[in-house]
Amino acid sequence: MQPLVENLRYAELLRRRAFLGHSALGFGASALGTLLSQNALGWTANDDSRNKLPHHPPRVKRVIFLYMSGGPSHLETFDYKPELARLNDQPMPESFTAGQPIAQLQGQKLKCLGPQFKFSRCGKSGQEIADILPYTQKVADDICIIRSMQTDQINHDPAHTLMNTGTSISGRPSMGSWINYGLGSECENLPGFIVLTSLGGRNPQPISQRQWGSGFLPGEYQGVEFYSKGDAVHYIQNPAGTNRDQQLSLIESVNHLNRLSPLAADDPQTSARIAQLEMAFKMQSSVPELMDISDETPETLAGYGCQGADGSFGYNCLLARRLAERGVRFIQLYHRDWDHHGDLVHYMNICCGLCDRPSAFLIDDLRQRGLLEDTLIIWGGEFGRTPMFQGKGKTAGRDHHIKGFSMWLAGGPIRGGMSYGETDELGYNAVKDPVHVRDLHATILHLLGIDHERFTVPYQGLDLRLTGVEPARVLHNVLTT
Amino acid sequence: MRNTPYTQHIHRGVETLRLIPLFHPQYAIVCNAIVFCWMSMHILLAHSIFGQNISKANQEKLSFNRDIRPLLADRCFACHGPDANKRAAELRLDVPLDSTMQERKIIVAAQPEASELVNRIESHAPEFTMPPPDSGKELSPVERELLKEWIRQGATYEDHWSWAPLNRPIQPAVEDHATGPFSTNPIDAFLTAQSLAPSVLNRSPAEPYTLLRRLCFDLTGLPPAAADLDWLSQQIEISRVTPNSFAGDSIDWNSLIDRKLASPAFGERMAIWWLDLVRYADTVGYHGDQEHHAAPYRDWVIRAFNDNLPFNTFSEFQLAGDLIPDAGELGKIASAYNRLLQTSHEGGVQPKEYLAKYSADRVRNFSQVWLGLTVGCAECHDHKFDPITQREFYQLAAFFADLDETQTFKGGDTSPTKRFPEMDVTSPLDGSTKMRVMVSSSIEPRVIRVLPRGNWLDESGDIVQPQVPEILSNSEARLSRTTRLDLARWLFEENQALTARVTVNRVWALFFGRGLSTSLEDYGSQGTPPSHPELLDWLASEWIASGWDIKQLVRMIVQSDAYRRSTPFAQIDHSFGSRDQAVPFEAYLYQTPRRLPAESLRDSMLQHAGLIDFRRGGPPVRPYQPDGYYSHLNFPPRSYTASLGGDQYRRGVYTHWQRQFLHPMLKNFDAPSREECTARRNLSNTPTQMLVLLNDPSLVEAARAFAWSTWIRFDPNTEQLPRRIAEQLWLLALSRPASDAELEVLLALYQKQIAIFREHPEERNTFLKTGQWQIPHFDTLSEERRNEVAAWGFVARSLFMLNESITLY
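Those protein sequences? They're chains X and G, same order as listed.
First residue of the first sequence? That's 0 in numbering that gives the first Met the number 0, and the numbers climb one at a time after it.
First residue of the second sequence? That's 0 in numbering that gives the first Met the number 0, and the numbers climb one at a time after it.
One should not assume that every hint holds.
35 Å max Cα-Cα, derived DSBU-like pairs, lysine-lysine [as the list claims (entries may be wrong)]:
#, chain 1, residue 1, chain 2, residue 2
1, X, Lys-431, X, Lys-110
2, X, Lys-51, G, Lys-136
3, X, Lys-431, X, Lys-60
4, X, Lys-391, G, Lys-409
5, G, Lys-85, X, Lys-51
6, X, Lys-108, G, Lys-417
7, G, Lys-351, X, Lys-108
8, X, Lys-110, X, Lys-391
9, X, Lys-228, G, Lys-768
10, X, Lys-431, G, Lys-409
11, X, Lys-110, G, Lys-85
12, X, Lys-108, G, Lys-768
13, X, Lys-391, G, Lys-417
Sample of chain G residues at the chain X side, in silico, Cβ under 7 Å [said to hold, decoys possible]:
#, residue
14, His-286
15, Ser-431
16, Thr-432
17, Gln-525
18, Leu-632
19, Asn-681
20, Met-689
21, Asp-739
22, Ala-740
23, Ile-755
24, Met-800
25, Asn-802
Simulated from the structure, these hints should not be mistaken for laboratory data.
Even glycine gets a Cβ: it sits at the ideal position worked out from N, Cα and C.
Generate coordinates for the entire structure from the input sequences, incorporating the hints supplied.
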C-alpha cells in the first residue's frame, strides 16, 4: 500500500490524465476515467475549466466580428450630438478634457467639431443613424447600437490588443482563440478561427498577428489568415511542378512510415500528426472550394457590392457567410482604413462607401439562409474619435477617443432596433450604462454558453480569463429573453 | 464528447494503439510489459482509493511547500494572502498566524477538530463554508483530508522552496538499480533515492542511435552529421555491441559530448533559449513594427555561450555592461538587453504613458528571466499569491530609471528606427562592415513614483528608490542610491538561491522537456514545487560552486543515466495549462518525446541538403516567405526580399525576427513572437504545420538538394541502386538504419513518383528547379537521370515530414 500523500498525488494525476486526455494509454486510462468519475471522488476541475462547458445553453454558435480598424467616428455614424453642432468651432469646455489622456492633440488648443453628416430616424424603431450609412439605416431594426463603449488604451496597437485579448500586454490569447479552445471547432476541414483583411480607402492602419494570436494557448487555436488575393492560405498550393496524385501518394507513404516507426508509432503525437496531415490535404481542396464563388448568384454578388474575388470588404463579407455556412466558429474581418485625423468627410465617404452595404447585406443574407439566428455579428473598432477638431489634412479630422464610442451587434438573440447606453451632450463620456470592452467580451462568451468568470486557464500562477481581473458584466438588456 | 483537437487526438491515439501491430519485436515486448505494469497499478490504485482507508491517514510527514502551499495558494490566497488591500477578515494564510488569529483558533496545531479552518472547509452552509461558493473554488474531499492531516501533524510552515536558503544536500548512497547499468552520476543517485518504484517505472536506456541524435540536437540544435554516424558505427564495432540492442554502454559518449560542447553550434543552440527569455527581436513590436538595431547583441549572446562566460558575468554584462568600467565594447553591446523591449513609434503616444509601459515591461522581463517571478502582477496592486508589494514593483523599476530615453520619442515612422543611444560595431562576417546596436547609457535617474492602480495619470503615489523586494533581500541597506550593477550583483550574492534554482531548472528542462519544477515561468507560490527538491538544490549548489559554469552544468546533466533513458511512448503534454503538484509518477518517466524547435527543424533539413551555411553572426537573414505576408504592416509599408546565396541557408537563429509577423515557418512551429518573456515554447500540432512541411519552397528545395547530393555519390551501376540510395537517405535523415519494411515503403514511393515524372517532363523540370540552388550540370543529365533525382526528391520530402524526423525520442 502506498502512503497517503503519494496515493493522493497518483490519483490526482490519473484524474487529470483521464479527464484531459493527456493519457497515451488509450483504453487503460479511459476505463479508469470511467471508474474515477467526478461524483465518486468529488474532484474539482481547477485545471481545465473546459470540462464544464457549456455552462448554460448557448444562444449562438458562431461570431462574425466586422472590425473597423483605426477607430471610426461615432459622431459621424451612430451618435448624433446637436449640442456639438451648436458649439462647432468653439473651445471645447475644459470640464470635459482636464486631466484626460490625449493622443495627437497633446499640447494643442482644443475646439469642438460638430457632426459632419446628417442623421435620420430609421425603421420602425426610429434609431438615429447617419445618412452616410444608407444601407445600415435599412437594417436599423435588426441591429442593437451600443452608444456607450469605453476602452483604456488611446493608441491603436494597445487598443487593438485590449479589444482582442482583454489586456494591452502582449502574449494573451485573442477571443477567437479562447472560444475555439473552449468549444472546439464545428468544421472538419477548415480552422475554427479565420481572419480576413480588406483593403481600399487610404493609407491603412497596420494590424499585428498578435490580434489573432493564441498567446499561451496551443497554436491549434490561433486565428489563421486567409487572403482574398493570391494563395488563400500560406503553403496551400502543391510545390511547383507536382500534382494532387503525387501529393496523395506522398502523404500515404508518410503516414505508413509514421505507423511503422519503432519510436514514434505509439506516440499519441504521431496519431495527431497523421490526422493533421490528412486535414492539411483536405484543406488543399476545401480552401479553393471555399474561395470559388462561381456558385453565387449575381444578386448575391450585387448585394455585397463586389466584383467577384476582388479583395474588397464586400467580397470578404461574402466569404464570411461562406465560412459561417461551413461551421467556422470565429470569423474576423478587418477593414483597416478608419483612422481619420484629417479629411474626415472625404475618408468617411470612402470607408462607409466600402463597408456600409456589405455589412448590412450580410445580415440579410444570413437571415435568408437561416444562419442569422445562431450567428452574432459585431461591428466596430478599437475606439472612437474626439468631439474635438484635429487639423491634420486639408479639412477637419478627429483624434483618438476612448471615453465613449459606438459599436453595433446583430443576430442571435440580440434585440434589434434598440440603442443601449448614452454619451454626454458632446459625445465625450459614456454617461449612461457604460460598456467596457470586457463587458462586450463577457456578453460574447455568454451568448456562446460560457460564463466568463468560470472559463479560466492557469498561466503564470493565475487563473486567467478573457475578461481579466476587473468585474465585467453581461449586457442582458440587449438580449431577448 | 466535444470535438476539440484534443479529443480528436485521443480517439486517434486509441485507434492506433489497437490496430497497428508493433513493428519492432523487442520494443513491443518492452511496451507490453509497461502497459501491463501501468494497468496493474491502475487496479492497485483504484483499490486503495475506493477502499475506506483515506481517513486512516498514513503517518508520512507532509511538506508544507510540496503538499499544502499550492493548495492554499490556489484556493485561499486571493482573499487570505499577501495582498493587503483584498485581504478578508484580516486573515492571511501564506504566513504563520499572527497572535490575533491564534487566539481566534483559526488553526490549532495538532488539533484539526478545534481549528476554525477545518470547521469552515467542512461546512455545507453557503454563508459559512470556505472557499465561498461564489469564488468558483472548491476543495475536494481528499484535499480537505490533506489540510486536516497537515494540522494534525502540527501545521508547520516552511519558507517558500524557491527562495528558502540553499543548503547543499548530501548525495544519497545508492546500492542497487534494477534496470540496466548504473552510472555514478549524482543526478542519478538523487533520482533513484527518491524513486518509489524504480523497477516498474524506470525506462530502459535509449538505443545508441537514438541517443546520438538526442545528444547532437540537444547540444548543437543540429542532427548527427555523416561523421557522427560513422563515429557511432565505429564505436559500436569496437564495443561489439549490436545497434539494436539496448546496451551500448561502452560507447565513449563523453568524447562526443566534449566535441559538441566545444562546437560553435552549441552557442547558437543555447542562444535560442536565452533570446526567447529576454525577448530579442529585430523589430520594435508595437504599431508600425519598424526594424531596430539589435543583431550584435544576438551575436554577443552566442559568443558568450561559446566562450562559456560564467552566468553571473553574463547577466551583469546584460543588465549593466555600460556601468562596468573594464567591460569595454562587449559590455556596451551586452547592455542592449535593456533596449530589447517593445517600443511604439505611433503618432500620438504620450511620453509619460509609454515611459510607464516601458518601465513595467523591464520589471516584468527582469523578474521573469532572473527571479522566475510574476512581479508584473504587482504593477497595479500587491501580488495576490507572493509576498511582493506594489511598492516593491516600483522600487525594482527605479533600478532602470537611469536609462537614457530622451531620444525614444523622437523617431518617426522610419524603418529602421533611430533609437539613440546606439553605437557602431564591426560585423563578424567580414570584419569590416559596420553594424549598429542600441546600447544602455546612464543619465540622471528619472523620478519613479508608485502609480496607484498602475495609472500613469495619477501622480499622488510615493517617490521610491531602487530596492530589491524584501522577501529576497539579504543585503544591508545602503546609503547611496543603488544601480543596475548592484541589482545584477545582488542576483549572485551568497545565500541568494533563487536565481540559481530558476536557471538550473530551466536548463534541466532543455534536456528533459520538463523542469524538475514544471512551471518554468513561475517559481512563486502558484508555481509547481519541484518533484525532486534535493536534486534541484544540489544542482544549484554545484553550479554556484563551479563559478556559474554553464557548460559544466550541461555536461553534468547529459552525462546522467537519467538523460540517456528511452522515451516512453506516452507523451505527456506539459506545454501549458497544467498546474501540477509534485507528480512523482511522471517524474520517473525522465525523458519524454520532444518535438524539435522550429529553428532546429529548419537547420536539420538544410544540413541534410548540404546547403547549410555555418557562417556566424551578422545582420538578420531572410528565408523565402509567401508574397504579401507583410501586407498588414505599415508606417512605412514593408517589402520582403529573400536573402541571396549563402544567406538563404543560414541557421534559423539568424532569421529576421519580425515581432508582428514572424516568419511563417518559424511561427507555425511555435517560435514565439518575443514580445514578452517566453520560458517554454508551446508544442502545438496543427494542420498548418503540415502545410509548411508539404509545400514550403525552402523545404522542397532542401529535399531535392538532399536527394541529389546523396544520389550523385552512387555509381549508376551499383547493384540494387535504389535500395542503397534509400538506405543512405534514411540513415542521414533519421540517424538510424532503416528496417526492411521502411525501405519497402520508400522504394514503392520512389517507383510511383518516377513513373509519374516520366509522364510529365516539364513539370518535373519545374519541380527540380524550385528555389535558388540549382542542380549542377542539369542540362547534361539524361531524361531518366532527371526522373530519378526528382523521384528521390519526393522520397526526401517524405523523410522530412515523418514524426520521428521532427521529434526527439
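* Ascending list of hint numbers which this structure does not respect -> Of the numbered hints, 10, 11, 12, 15, 16 and 21 do not hold.
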